[in-house]
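Using the sequences and the hints given, assemble the complete structure.
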Amino acid sequence: SELARRSLATNFVKESVQLPSGRIPRDFAIVVTPHFNNSQTEYENYNLCVSAAYRGVKLKEILPESEVSIFLKDYRGFGKRHYRWYKKALDAGIHIERVEDLKIDPNKGEHVSLHYEKSEKSQNRSVGFAVLVTGQKSSQNIKDLTRICGVKADENGFCHVREFSSCETDID
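Once you know that position 161 of the sequence shown is 153 in this note's numbering, the rest is easy, because the numbers rise by one and skip nothing.
Be aware that a few hints might be false.
[Claimed, not checked] Distance windows between CB atoms, simulated:
1. P56 <-> D136: 43 to 51 Å
2. D93 <-> V143: 33 to 41 Å
3. T126 <-> S13: 21 to 29 Å
4. P98 <-> R139: 37 to 45 Å
[What the hints assert, rightly or not] DSSO-like cross-link-like pairs, simulated, lysine-lysine; straight-line CA separation at most 27 Å:
5. K52 <-> K95
6. K52 <-> K6
7. K79 <-> K50
8. K110 <-> K65
9. K6 <-> K79
10. K79 <-> K110
11. K110 <-> K80
12. K72 <-> K50
13. K144 <-> K72
14. K52 <-> K110
15. K50 <-> K6
16. K113 <-> K95
17. K50 <-> K80
18. K72 <-> K52
19. K80 <-> K52
Treat the hints as calculated values from the structure; they're not laboratory data. Just so it is clear, CB atoms sit at the ideal spot from N, CA and C, and this is done for glycine as well.
Right under this line is the structure:
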């Protein structure tokens, strides 16, 4: 849908972030949703953090004059050289804000209010466009489907993939 296309901001063209009024926002917040950015779901933290940095860099590429901030509890994209996305985001002028208890409220008009705790102080920020980077967990239906089909699942309910090998690339 049009709303999904715009809210995901995955097309990375100016029109993908155009507001209903036709205006292109100048300030963006990329929010790693707090309920997924916790220590119990390490695999999600990694994917979400790298995705947020990637999206921020892409936004700066299409709108270099824009103000882009990433809001998360902690950046977890260390391995496989994905830490480069963190550095690339900083080099592009993206602000990475480590926050607690973030809440998003739509304002009247074309802005979104962010309310959060940073360094034990309440803060507020209004932005023209918020991108929510949400995690995913396998549903019970997927667990049932893997059992019915005989596909081995990992501890998170996703398809079990063999350890990397330069001569094998299939799944179990």
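Hints and how they fare:
no.: 1; hint: P56 <-> D136: 43 to 51 Å; result: holds (48 Å)
no.: 2; hint: D93 <-> V143: 33 to 41 Å; result: holds (39 Å)
no.: 3; hint: T126 <-> S13: 21 to 29 Å; result: holds (26 Å)
no.: 4; hint: P98 <-> R139: 37 to 45 Å; result: holds (41 Å)
no.: 5; hint: K52 <-> K95; result: holds (24 Å)
no.: 6; hint: K52 <-> K6; result: holds (11 Å)
no.: 7; hint: K79 <-> K50; result: holds (14 Å)
no.: 8; hint: K110 <-> K65; result: holds (10 Å)
no.: 9; hint: K6 <-> K79; result: holds (24 Å)
no.: 10; hint: K79 <-> K110; result: holds (22 Å)
no.: 11; hint: K110 <-> K80; result: holds (23 Å)
no.: 12; hint: K72 <-> K50; result: holds (20 Å)
no.: 13; hint: K144 <-> K72; result: holds (25 Å)
no.: 14; hint: K52 <-> K110; result: holds (24 Å)
no.: 15; hint: K50 <-> K6; result: holds (11 Å)
no.: 16; hint: K113 <-> K95; result: holds (14 Å)
no.: 17; hint: K50 <-> K80; result: holds (11 Å)
no.: 18; hint: K72 <-> K52; result: holds (24 Å)
no.: 19; hint: K80 <-> K52; result: holds (11 Å)
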